[in-house]
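2 protein chains.
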Amino acid sequence: MSTIQRDIIVREVGLRDGLQIHPTFMPTADKLAWIKNEALSGVSEIEVTSFVPPKLIPQFADATEVCAGALQLKDLVVSALIPNLKGAQRGLELGVNKLNYVVSVSKTHNLKNVRRERDASMADFKAIVDLIKTLPEDQRPLIGAGLSTALGCSYEGKVALTEVVLCAEQLLDAGADEIVVCDTVGYADPALVRAVLKAVLAVAGDVPVAAHFHDTRGTGLANVTAALECGIKYFDASLGGLGGCPFAPGASGNIVMEDLCFMLDSMGLKTGVNLDLLLKTRQTMSESLSDLKLHGALARAGLPHGFVSNWSAVAA
Amino acid sequence: MSTIQRDIIVREVGLRDGLQIHPTFMPTADKLAWIKNEALSGVSEIEVTSFVPPKLIPQFADATEVCAGALQLKDLVVSALIPNLKGAQRGLELGVNKLNYVVSVSKTHNLKNVRRERDASMADFKAIVDLIKTLPEDQRPLIGAGLSTALGCSYEGKVALTEVVLCAEQLLDAGADEIVVCDTVGYADPALVRAVLKAVLAVAGDVPVAAHFHDTRGTGLANVTAALECGIKYFDASLGGLGGCPFAPGASGNIVMEDLCFMLDSMGLKTGVNLDLLLKTRQTMSESLSDLKLHGALARAGLPHGFVSNWSAVAA
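Heads up: the protein sequence lines correspond to chains A and B, in order.
Each residue of the first sequence is one higher than the one before, counting from 143 in the working numbering.
Each residue of the second sequence is one higher than the one before, counting from 143 in the working numbering.
Honestly, the hints are just simulated from the structure, not real lab data.
Note that the Cβ used here is the ideal one computed from N, Cα and C, for glycine as well.
Take these hints with a grain of salt, some might be off.
What the hints assert, rightly or not - Here are some of the chain B residues that sit facing chain A, going by a computed Cβ distance under 10 Å:
no.	residue
1	THR361
2	LEU363
3	LEU370
4	GLY448
The task is simple: from the sequences and hints, build the whole structure.
This is how it looks when you write it as structure tokens:
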């Protein structure tokens with residue numbers, strides 16, 4: 143078993159958050175190649191699909207095959223988005239390592255996004271945790287809880303910090319293994335990030351807090367910088383910034399995985415990611431998405447002259 | 143006279159740093175429209191041109207007309223890049239408010255960029271300051287001193303912090319009114335920015351220290367975030383991220399003015415810049431540069447729902 147030292151854990155979410163708004167179906171084999179290559183480059187956790195009904199999002203019609211393929215890979219945490227209890231059941235059946243659930247702090251956004259009141263989503267989360275607890279302890283997947291629109295909402299605008307903390311507490315009380323603070327629509331700035339993360343960290347105790355930023359308005363890595371200062375060690379990103387915003391054509395999506403890893407590595411933080419392999423993975427992935435414009439600066443500019451990576455892999 | 147309260151001073155450098163690598167001549171009237179519109183949007187300092195010989199960079203053949211036109215505008219600090227003593231003489235003759243001189247910390251870069259040893263560039267700077275001092279005190283322009291490649295060099299790679307501090311001290315001793323720490327090739331990360339800025343601030347005393355970042359590898363606004371923590375209040379940027387890197391086709395140039403102003407404004411920092419007017423200025427400017435791809439996220443995504451600007455103008 144290889145032991146890779148990591149100061150920061152980066153998690154790929156492009157196969158879910160990126161592909162979900164992409165109308166062209168990405169062949170299952172291409173998805174699995176992307177997952178495999180990125181895992182080999184050192185990314186240790188990948189959200190590989192979503193268990194939404196294929197009627198709603200045909201992109202995820204191959205969720206079963208993608209999960210099964212990804213679970214073959216050694217040392218990879220395979221996660222999947224679960225929209226509801228039914229999705230959780232599928233995740234358990236497939237043996238996915240981690241289930242990611244999302245509630246919008248903004249009540250309007252929650253209603254528009256999942257057609258349920260926020261309280262109903264919270265109750266559903268409790269039912270999901272209870273379902274997981276029916277399994278023997280050593281067979282339970284981790285359950286992550288995302289606070290969508292925690293940093294702003296495209297319907298409500300500013301979101302009250304008290305509401306963010308209230309939602310975090312409800313998810314923690316229900317038994318979340320991780321809280322993910324999400325800037326779903328790319329409204330955040332570093333000052334807001336500091337305020338929200340400090341408040342969530344204060345109630346999270348020993349439960350890890352992750353950050354999920356979008357680069358819609360260019361502030362993605364600035365927000366990462368603020369989050370790092372707060373002590374955040376888990377960041378979601380997507381290769382090539384895959385994603386975008388359905389309300390803003392051409393706008394960026396999730397923060398760009400390769401730019402994030404480059405910045406962290408430059409700062410002397412070990413990510414476990416080999417940047418050369420990651421850039422090759424991006425290249426291969428982009429070839430199967432030739433109708434899609436990728437984002438990201440590193441892929442265009444290349445690594446700095448004389449760049450020495452902090453990447454380290456220690457065979458143990 | 144209008145008094146605009148500003149926490150942060152943003153300075154437009156696209157007319158110089160952006161246009162200098164653009165092979166198509168931008169008509170003088172379009173340059174002046176850009177300057178006027180951006181000044182009206184609230185940007186208080188604009189580097190309008192460079193006094194390099196038109197034989198070297200034909201884009202600046204209209205330096206005299208551009209300076210004369212810009213100097214008509216009320217409340218605008220008109221600056222120009224001066225490559226040498228001769229450029230300084232031209233700046234004095236034209237009555238430019240501020241002269242910007244640049245020395246590369248990297249000796250190799252200095253040699254390649256201005257075909258002189260770094261020591262010779264330092265001696266030239268001293269001569270320029272002496273020339274300025276021949277004017278009566280109330281007629282002297284400000285003289286800014288840029289530390290090019292202070293955060294990395296495309297020839298030498300990493301640049302020693304001791305060399306950055308040595309150069310800063312030499313420029314301060316010679317009489318610089320401002321030190322500009324420049325990430326000329328976009329190699330910086332927030333940790334390096336903190337280290338370099340703290341060291342330069344420690345020797346600068348009361349002399350203002352500004353930051354000039356490029357977004358070549360996506361870390362531009364992250365570096366601004368780190369610089370803000372260090373107390374930096376002066377930032378260079380270019381509208382639409384105009385610029386790019388001659389060595390990396392398609393790569394970004396200076397940090398994007400409108401994204402910078404949006405981030406600062408979101409953070410509750412007053413820039414004095416009206417974002418709507420700034421975006422309109424970008425639109426008009428882009429029409430006269432239709433052969434050029436602009437960068438920037440805000441222009442694509444638009445302002446957040448319910449965004450309230452901290453912009454304030456107080457007529458006094």
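Here's how the hints hold up against the structure:
1. Using the Cβ-Cβ criterion of 10 Å, the hint placing B/THR361 at the interface with chain A is satisfied: the shortest such distance is roughly 5 Å.
2. Using the Cβ-Cβ criterion of 10 Å, the hint placing B/LEU363 at the interface with chain A is satisfied: the shortest such distance is roughly 4 Å.
3. Contact between B/LEU370 and chain A, as hinted, is supported at the beta carbon level, the nearest pair being about 8 Å apart and thus within 10 Å.
4. With a cut of 10 Å, the hint placing B/GLY448 at the interface with chain A holds, because the nearest CB-to-CB distance is about 3 Å.
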